[in-house]
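Here's the letter readout for the chains.
2 protein chains.
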Amino acid sequence: MNPLKPGSTIGILGGGQLGRMLSLAAAQLGFDVAIYTDEPDSPASRVSARTRVGNYLDEAALADFARHVDVVTTEFENVPAETAQALIAAGARVAPNPHALAVAQDRFDEKSYFTSAGIATPPFRAIGSQEDLDAAIAEIGAPAILKTRRFGYDGRGQIRIASAGDARGAYEKLGAPGILEGFCVFEREVSIIAARGWDGAIAFYDLNENEHAGGILSRTTLPARVGADVERAAQDAAKRVMEAFDYVGVLTIEFFVMPDGSLVANEMAPRVHNSGHWTIEGALTSQFEQHIRAVAGWPLGSTKRLAGVEMVNLIGEDAEAWPALAADADARLHLYGKRDTRAGRKMGHVTKLRF
Amino acid sequence: MNPLKPGSTIGILGGGQLGRMLSLAAAQLGFDVAIYTDEPDSPASRVSARTRVGNYLDEAALADFARHVDVVTTEFENVPAETAQALIAAGARVAPNPHALAVAQDRFDEKSYFTSAGIATPPFRAIGSQEDLDAAIAEIGAPAILKTRRFGYDGRGQIRIASAGDARGAYEKLGAPGILEGFCVFEREVSIIAARGWDGAIAFYDLNENEHAGGILSRTTLPARVGADVERAAQDAAKRVMEAFDYVGVLTIEFFVMPDGSLVANEMAPRVHNSGHWTIEGALTSQFEQHIRAVAGWPLGSTKRLAGVEMVNLIGEDAEAWPALAADADARLHLYGKRDTRAGRKMGHVTKLRF
Chain B
1 MNPLKPGSTI GILGGGQLGR MLSLAAAQLG FDVAIYTDEP DSPASRVSAR
51 TRVGNYLDEA ALADFARHVD VVTTEFENVP AETAQALIAA GARVAPNPHA
101 LAVAQDRFDE KSYFTSAGIA TPPFRAIGSQ EDLDAAIAEI GAPAILKTRR
151 FGYDGRGQIR IASAGDARGA YEKLGAPGIL EGFCVFEREV SIIAARGWDG
201 AIAFYDLNEN EHAGGILSRT TLPARVGADV ERAAQDAAKR VMEAFDYVGV
251 LTIEFFVMPD GSLVANEMAP RVHNSGHWTI EGALTSQFEQ HIRAVAGWPL
301 GSTKRLAGVE MVNLIGEDAE AWPALAADAD ARLHLYGKRD TRAGRKMGHV
351 TKLRF
Chain W
1 MNPLKPGSTI GILGGGQLGR MLSLAAAQLG FDVAIYTDEP DSPASRVSAR
51 TRVGNYLDEA ALADFARHVD VVTTEFENVP AETAQALIAA GARVAPNPHA
101 LAVAQDRFDE KSYFTSAGIA TPPFRAIGSQ EDLDAAIAEI GAPAILKTRR
151 FGYDGRGQIR IASAGDARGA YEKLGAPGIL EGFCVFEREV SIIAARGWDG
201 AIAFYDLNEN EHAGGILSRT TLPARVGADV ERAAQDAAKR VMEAFDYVGV
251 LTIEFFVMPD GSLVANEMAP RVHNSGHWTI EGALTSQFEQ HIRAVAGWPL
301 GSTKRLAGVE MVNLIGEDAE AWPALAADAD ARLHLYGKRD TRAGRKMGHV
351 TKLRF
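Residue numbers (the numbering used here), protein chains in the order written: chain B, 1 to 355; chain W, 1 to 355.
Rather than coming from a laboratory, the hints here were simulated on the basis of the structure.
These numbers were taken from a predicted model, which means no experiment stands behind them.
All C-beta atoms, glycine included, are put in the ideal place defined by N, C-alpha and C.
Worth double-checking, as some hints may not be accurate.
[Said to hold, decoys possible] Facing chain B, from chain W, some residues (calculated, C-beta under 10 angstroms):
| # | residue |
| --- | --- |
| 1 | Val47 |
| 2 | Val53 |
| 3 | Asn97 |
| 4 | Phe108 |
| 5 | Asp109 |
| 6 | Thr285 |
| 7 | Pro299 |
| 8 | Pro323 |
| 9 | Gly337 |
| 10 | Arg345 |
| 11 | Met347 |
Please construct the entire structure, taking both the sequences and the accompanying hints into account.
So this is what it looks like as structure tokens:
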């Protein structure tokens, strides 16, 4: 596609902090941003030119939105596939495409896809009943994790099965179609953030090393303590996924690094990712600008990393430490403008660079 | 003052590119921004939570604006002093204060102030008539520059007087109270960007070396080719000005560096400044974040410079080179979202860093 001229409007589905940071990056390049969200007062809306508050299944509202934007992208992966299809039916260009969104929305489809592409995953089984669960535990063994197939994030919709006994009643408790995943005894967690343009050009950021607490990313550091072969394997997996989906935009894959140095794919996110927030100050082009460049048909920017990185999330009440963080000359403080502090809610992050 | 909590609203008078970049910086810290502007569709409005379109002398509209923000600042120095006074009368905190704004608005008051503070300026005379002009030319000599006292920027409202003959009819042509300034045969132009908090804390950025074309800044490079004594003299001048005005926020002073290494103050801007745009990528804290920190009562951030800098303005049709600039991996492209390209209009800038 021809590159969108500055002054064009980027439509973003979703109004959270990822949309907010995408909108700030789009503004720097001279674009306007229109947000489509079901929240009346969202972090992204407050920094964007226009907001349409609507239901993600309201076809008339989506068609109207499509008519007033030059491309549509998304800041979260749980946008219904129907939303993207309604936008395309109304004439919008949508990136990434609905197929990639649909696969990433379903943990079973996602892992099945990884397997078909030759990318290792933990053992997994689709769970549609307690019988399925019992059979899967017998096959995969415990410990394992029972997750909803759809709409889980940041550790929500997950039940740990430490031993076969924990499986009793677990499917009913989950309350939705699930997936059982074998537990990986990994050495560390890493993620790769990659981007692909409409022209097929691909760029990779350096690998992120991640720590989670309670299922939520707590800390990302670079360089990751892995060898060049691990980095290449992650890049290769991201490239295969993006090319298979004819993907446009930033895509993230999270991996476990096993004791033997092999990578096991945990999940993919068809969007900018929390583990890439360091790129705002730590790379020549931030992941947010990169995503905007990709979906706008611009050339991808340099992903060169400028320094050693530590990014720490501010979860829930962590953000109340803002006075001390504001006084720390080394801390680059980011707050997302969320009105209410809740336990487990991502309120901001802090990046520290070591030059 | 107590630091404003994240989620507070920063009011900004003016909707241009400086307001736009201030708004982006405020958003990063979790603030909302409300713009007051007389333009119905401004670059800053499109990235801000709220906009009040109104006349700068509409006291009722200003009072309403004051009630809905936690502090008010300005992105351009030609806000009428009455505007700031009306806001203060309505209970708003305003930074910088109206006195500093008023002095910076009038080239004669500004230079008189510099003189009283022991800061060298070019020779200057107030011009209220053709007779004043003739007498001033006789005293100061030619070449000289006749400028309007108020509302000039980017070379507008200026008449060059190459020889005494050029003075004929020049006052009528100027059409407003003026100032005649003697011509300085300088070696180079520099500017200092400084910040002062409500608590009196002061921070300086490294000195900018500037090139102008047609009265408009075209290029800023760092480090400036001056000695440490010159840098200290610029810091000393900025400190004296800020302390005399009990100034809060970012302040810029432009100087000529004379062949003997002495500094001659050209003008001051009570705001963030074009010559400081490099700080977005090139300093630990951008001038925009620094200004927001200062007016919000937050501690000032580190002004540490990270690299060698070249910042080039995109004036008028320069911005049409955006496809090539977008493809240049070293160029950090900023476009301001202005709807119309006009000759002499600042459309964007490009920063290149040498690490």
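Status of each hint after checking the structure:
no., hint, verdict
1, Val47, "holds, 5 angstroms"
2, Val53, "violated, 15 angstroms"
3, Asn97, "violated, 23 angstroms"
4, Phe108, "violated, 38 angstroms"
5, Asp109, "violated, 35 angstroms"
6, Thr285, "holds, 8 angstroms"
7, Pro299, "holds, 5 angstroms"
8, Pro323, "holds, 6 angstroms"
9, Gly337, "holds, 5 angstroms"
10, Arg345, "violated, 13 angstroms"
11, Met347, "holds, 8 angstroms"
Of the numbered hints given earlier, the model fails hints 2, 3, 4, 5 and 10; all others are met.
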